[in-house]
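Participant: Here is what each chain is made of, one letter per residue.
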Amino acid sequence: MDIILNHSSMIPIYEQLMDQIKSKIIQSVLKEGEALPSVRTLARELRISALTVKKAYDRLEEEGFVTTVHGKGTYVTASDKQLAVEARRKAVEDAFTKAIDKAKAVGLSKEEILEIVNIIMEDES
Amino acid sequence: MISLKNVVKTYSDFQLNISMAIPKGRISGLVGKNGAGKSTTIKLILGLVKPDSGEASVFGTQSCKLTIKEKEQIGVCLADTGFSNQLNILDIESILVKMYPGFDKAYFQRKCEELKLPKDKIVKEFSTGMKAKLRVLVAMTHKAKLLIMDEPTAGLDVEARNEILDMLRNYLEEDEERTILISSHISSDLENLCDDIYLIHDGKIILHEDTDVILDQYGILKVNEAQYATLDQTYILKSHKEHYGYACFTNEKKYYQEKYPDIVIEKGGIDELILMMTGGYR
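Residue numbers (my numbering), protein chains in the order written: chain U, -6 to 118; chain S, 26 to 307.
Take the hints with a grain of salt, since some may be wrong.
As the list claims (entries may be wrong) - Covered stretches of chain U, as calculated for chain S (at least 3 residues, CB under 8 Å):
| id | stretch |
| --- | --- |
| 1 | 3 to 16 |
| 2 | 32 to 39 |
| 3 | 43 to 49 |
Treat the hints as calculated values from the structure; they're not laboratory data.
Predicted model, so just to flag it, every value in this text is computed and none were measured.
Built from N, CA and C at the ideal position, the CB exists for glycine as well.
Using the sequences provided together with the hints, build the complete structure.
Facilitator: Structure, rendered in structure tokens:
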């Protein structure tokens, strides 16, 4: 699996791994029923610890993207489009929450924050 | 797989007193400064040193009572191969064939070729890197369930180290139940391989943590005197006086990132962990 990890990023490795597998599932690069590499295979390929891979797989399972059949492997679950859309939305919300927290910490008001958002949106359009 | 329960070993100038439990399928790293007790710990596990009190066991059997059958399931890589310097690869191969019923001759020969280990040269003439590769290969080739490696990458350049680590990764991939205990000075080797890390200092385990937790949640806060005075100390494990103020080691980097967005926070790796927790931080 072509996954690119950034070891100097502050984002935990298991989270980077999760996000990339997730987007592969959402974009149907990984299809329903398809097997993910075994924990140790992916650990070897990416040169990270097996526990990190396992953590990512466990979280993906909690979120319903994959199912692990004990002793057999981890498979992509029936890709629920609604679930995928929600997951993406959640990620965006999280990013906004972080930015808003930062803005509040430096004392920006709601109006000022909204103004920043408007300016950025206008720049892009 | 490996269990040390309150194992105590006293030497005239040093006492080791540790407990650890390594389950099946786990890759554990043992780190610590020179003389911290890493090699003694490994010798206790292997039954090469008898504990004064407490219990060391492997596969549920007391270490000093391990049977030959059980020993065949352990692959060991110590500072020395244990083979005479005058032997060559072919000699060693014929010894290993007799020693281990599980010895995979074809694999051994293939690996020797891949690793460019000359068959007819005596070990004495091997380079440091070649000797190290041979030590690791000898430990792996009988398909042991458990590998115990004391500094397998010591003294090697980055390429040779990666080759050895890749050998270990391949070995692990072949059977998910395989377990490794590895000690090393080179923290990046352990960061990319081990599931968890034991930090040993003055004969005691002072920290045991999952590697990714260390990498993700541990960090160093760099603060000036004024910031330090008002700093919430809840998750500060250790602080050291610096010329600019203080370096504070935390296991909750995120908490401080959110609470003090202006403070400089660096990632904490295993090197930082050793330096901060054993008092040598500079």
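Participant: Can the stretch 32 to 39 of chain U be counted as covered by chain S under the rule of three residues or more with Cβ-Cβ separation shorter than 8 Å?
Facilitator: As far as the stretch 32 to 39 of chain U goes, the hint holds, because 5 residues have Cβ atoms under 8 Å from chain S.
Participant: Are 3 or more residues of the stretch 3 to 16 of chain U near chain S, judged by a Cβ distance of less than 8 Å?
Facilitator: holds (count 4)
Participant: Do at least three Cβ atoms from the stretch 43 to 49 of chain U come closer than 8 Å to Cβ atoms of chain S?
Facilitator: It holds: at least three residues are needed, and the stretch 43 to 49 of chain U offers 4 whose Cβ sits within less than 8 Å of chain S.
Violated hints: none; the structure is consistent with every hint.
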